[in-house]
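*Asks:* Spelled out, the chains give:
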Amino acid sequence: MLSRRHVLSLAPAAALLMLGGRAWAAPQRVIAVGGALTELIYELGAQGELVGVDSTSLYPSDATKLPNVGYARTLAAEGLLSLAPTMVVATEEAGPPAVLRQLEAAKVPLHVLRAEHRFEGVLERTKALGELLGRQRQATALSQKLQAEWTASRAQVTQLAAGHRAPRVLFVLSNAANQARIAGSATAADAMIGYAAATNALGDAQGYKMLSPEAAIAAAPDVILATTQGLDASGGIDGLLKLPGLAQTPAGQSKRVVVMETMALLGFGPRTPKALTTLAQALHAPAGAGKTA
Amino acid sequence: MNSVGSALPSPLAAASSRRTWSRPMLLTAALVLTVIVAVQFGAVPIAASDWLNGPWSDATKTGGAHVLWQLRLPRLGLTLAVGAALGLAGALSQALFRNPMAEPSLLGVTSGAAAAVALTLTVFASLHAVLPAQARLWLLPLVGFGGALAVCFSLDRLSRWLAPGSIAALLLCGLALQAMTFAVVGLCSFIANDDQLRAINFWTLGSLAGANWIMAAVMGGALLVLGTLALRVAPRLNALALGEAAAAHVGIDVERLRWQCITMVALLSALAVAWCGNIAFIGLMAPHLARQLVGADQHHVLPNAMLAGALLLVVADTLARTLAVPAEIPVGVFSALIGAPWFLFLLRGAVRRMGSA
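Line by line, the protein sequences give chains A and B.
The numbering used here puts the first residue of the first sequence at 1, with every later residue one more than the last.
The numbering used here puts the first residue of the second sequence at 294, with every later residue one more than the last.
Here are the simulated EDC-like cross-link-like pairs (lysine to aspartate or glutamate), alpha carbons at most 16 Å apart as the crow flies:
1. Lys255/A / Asp222/A
2. Lys209/A / Asp487/B
3. Lys65/A / Glu49/A
4. Lys209/A / Asp488/B
Quick caveat, the hints were computed from the structure, so don't treat them as lab data.
Next comes chain A alone, as it looks inside the complex:
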């Protein structure tokens, strides 16, 4: 028979075993605030533990069937708690701060993952989520897969970009038929344009700026980059080119508009390597090529 002493000395080892194997871990109830985090959770095969997502979680489409906690910056404590989460994972965008404090007071662990516009950030978030959800093995495999895709994509970009001038690209974010914002440096769009070996035509400015006709003409973009959602709002490529100033740019003259899905292009999630390939192929295509989705 084991003495009491023996049992005590075995306890830490048993605890380690429990932590290491998933079989013992109770399933989590996770709320994901941030579209890219939701995508990563699906990639890790942990979607069964998701009980709620935010309004930017549009991909995969199954995620939109989950309870929606609203816009990341206007969360509601009681709404979050009604889903009985054991964990909330969010990007730094989540707020307002008062509601985050209420969550803390209700003893719901809140994990804020850094949202940065670098591919390495995707790997860091994959690792962090893997640890939080007890899926380190899947996270390592996903990281390796994403890294391989990324390396291939970067090599392809180098190949595509060789032998001609880097195209000047203007990212236009429009949410209505007659107004739009354009992306300067320190934005997700700027980072993707840079990775695609192109030049941000508005690189001198910082952050998103209201589109002004003269600034657009002065930026002289060869290509206009837009999102599917934005294009729907502004009435297709023709509607987009009606925005003041855009028609007079080289891109407007040759009608070179590249269109991509918002979260794929700007989300910095598991779809980023493939999005980069698509983007680079479209940006470096010979002049005269039209719309790419």
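Fit chain B to the supplied structure of chain A, relying on the hints for placement.
*Replies:* Just chain B now, with coordinates in the frame of chain A:
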């Protein structure tokens, strides 16, 4: 002290006294009923046992009891207090300006707070990094409160200097100052980065989501003190209704009355706006409702405007937090959506009565 009400002929006074007691009772009953409904409804179902686990017990750390005692009840308390404060501030503004379109924002309170917050978020963004974490939580409410009071009192100074004694000039100076503060907010939005822009936006929309017991207690305490003080100026506000000159003739120090009213309005709405952002329409709407119910005597208008403001805001906030569960709709949407049609309905009644008189 003179009272306009006592000068009324007796049959009218009797009718008016019936009205001043039965209708506020109805309003109070409506408010109590709304509060009961508001406590029951929410994203998390509340069990009867959650009520028994008072805020002192361990059970309130998590689950339904926590939601009830730490989220829903303090929020309801803050909503009641903010609604009443906005209603009172609106009634005082309308009495002071003798204008049914006046509301606290005409004194620059809302725009002053917005400008101060916008400046703190953008130009003085580095301030955030310097402050310790605990102080950061209170930074925006304090700055908003300071901005509201600063604009309010500089408006008072400015109008005294430009056109001493004229309440119309005060109103016009207020419009000019408001334009300037909006320019500051516009400039801050222009230099703001994406995050800062959204923070400014969130703040101008208004929300009661961050409520806790401290906020509810401070707001309730301020309401108690300022409400009592407001009732004490009611007789003089009644006299002011006859005009500034007439009020001065019956021995009222209009300057002093103005100063007292502005201070009360500034404190009430600055507190509300500092914690909850800009909640539209309650300050304009509640005094009208009160006058419809109890007539023009400020003794009755002021407390009933508080009741009406509280009722309106509790209804609006309950809809805001229950209709889109688990998300939340901005409360300003509902305060305007319920308030505006009701306001039009009252207007129709008031115009008819004027036509028949």
